[in-house]
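K.L.:
Residue numbers (the working numbering), protein chains in the order written: chain Z, 1 to 141; chain G, 1 to 141.
Honestly, I wouldn't trust all of these hints.
One-sided and incomplete, this derived list gives chain Z residues near chain G with beta-carbon spacing under 7 Å [stated by the list, open to error]:
(1) Leu24
(2) Leu75
(3) Val113
(4) Ile114
Selected chain G positions facing chain Z (Cβ under 10 Å, derived; list incomplete) [as the list claims (entries may be wrong)]:
(5) Val37
(6) Ala40
(7) His78
(8) Phe88
Note that these hints are calculated values from the structure, not bench results.
Remember, it's a predicted structure, so these values are computed and weren't measured experimentally.
For glycine and all other residues, C-beta sits at the position ideal for the given N, C-alpha and C.
Number of protein chains: 2
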Amino acid sequence: MDITFRELTALDLQEGFLETLAGLAQVDLTPDEAREVFRARLRLGIHTYVAVAQDRIVGTLTLLAEQKFIHHGGLCGHIEDVSVHPEFKQHGIGSALVRHALEEARRLGCYKVILDCFENLVPFYQRLGFRSYNVGMRIDL
Amino acid sequence: MDITFRELTALDLQEGFLETLAGLAQVDLTPDEAREVFRARLRLGIHTYVAVAQDRIVGTLTLLAEQKFIHHGGLCGHIEDVSVHPEFKQHGIGSALVRHALEEARRLGCYKVILDCFENLVPFYQRLGFRSYNVGMRIDL
Chain Z
1 MDITFRELTA LDLQEGFLET LAGLAQVDLT PDEAREVFRA RLRLGIHTYV
51 AVAQDRIVGT LTLLAEQKFI HHGGLCGHIE DVSVHPEFKQ HGIGSALVRH
101 ALEEARRLGC YKVILDCFEN LVPFYQRLGF RSYNVGMRID L
Chain G
1 MDITFRELTA LDLQEGFLET LAGLAQVDLT PDEAREVFRA RLRLGIHTYV
51 AVAQDRIVGT LTLLAEQKFI HHGGLCGHIE DVSVHPEFKQ HGIGSALVRH
101 ALEEARRLGC YKVILDCFEN LVPFYQRLGF RSYNVGMRID L
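Put together the whole structure using the sequences plus the hints.
P.N.:
As structure tokens, this is what we get:
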């Protein structure tokens, strides 16, 4: 399957992007609300990448480049919200998206990329070069 | 000890802030570079909180509020770079900083706050209401 990767555009919001994301958690946004969220994310420098196959959005991944004071003002990449459209799973789209995000993180100048995942996904990310590093903690507000 | 909490200002960059952060990792920024990093962080909506005691900066913590598409465009708070000045450890400043960040995250409208920590700090964050949730992964670029 021929897959290409690029940044999300406003037009994509009506073309299967939200359906792809819905595999992850409830989205529940009107098209107007989704455009507003999209603009807010652009202002905050949040990169949303999409995988496109057969003219459809089949996967997505978020990359935040956090400007730190430590490490000589270095950038730390955070991968978030990796999701593949349910009809396109088991085609390596998730791996290819993460590899694309790592290339982009290098291009942006990140010195590391971090992410949190459930225990069952550790081998998946290890195959992509990540190592278990510490414990992900969470509090619901 | 009387401790107050507020957001970092540009003036603080010459008043012990970088020394407080240096407990965490190398900073190695000139004052001009630090101001540039500070401005970049403000543009990206990254909140830097400081704890002030005896007119000195004695602790710091970063809070990113990540605007998501999922959860009805909800905000996910990320706590990063918690550091207490070496001369002021064991005074509960770290706990108080995290509690302050949780209040701020609530005020900003975050539905959850996440962070990564080393295994030995899990009990510290559990006492503040966090639960171990998943695995923190990392790749160095």
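K.L.:
Decide, hint by hint, whether the structure agrees.
P.N.:
Verification of the hints:
{"no.": "1", "hint": "Leu24", "verdict": "holds, 6 Å"}
{"no.": "2", "hint": "Leu75", "verdict": "violated, 10 Å"}
{"no.": "3", "hint": "Val113", "verdict": "holds, 5 Å"}
{"no.": "4", "hint": "Ile114", "verdict": "holds, 5 Å"}
{"no.": "5", "hint": "Val37", "verdict": "holds, 4 Å"}
{"no.": "6", "hint": "Ala40", "verdict": "holds, 5 Å"}
{"no.": "7", "hint": "His78", "verdict": "holds, 7 Å"}
{"no.": "8", "hint": "Phe88", "verdict": "violated, 19 Å"}
In this structure, the earlier hints numbered 2, 8 are contradicted, and the remaining ones agree with it.
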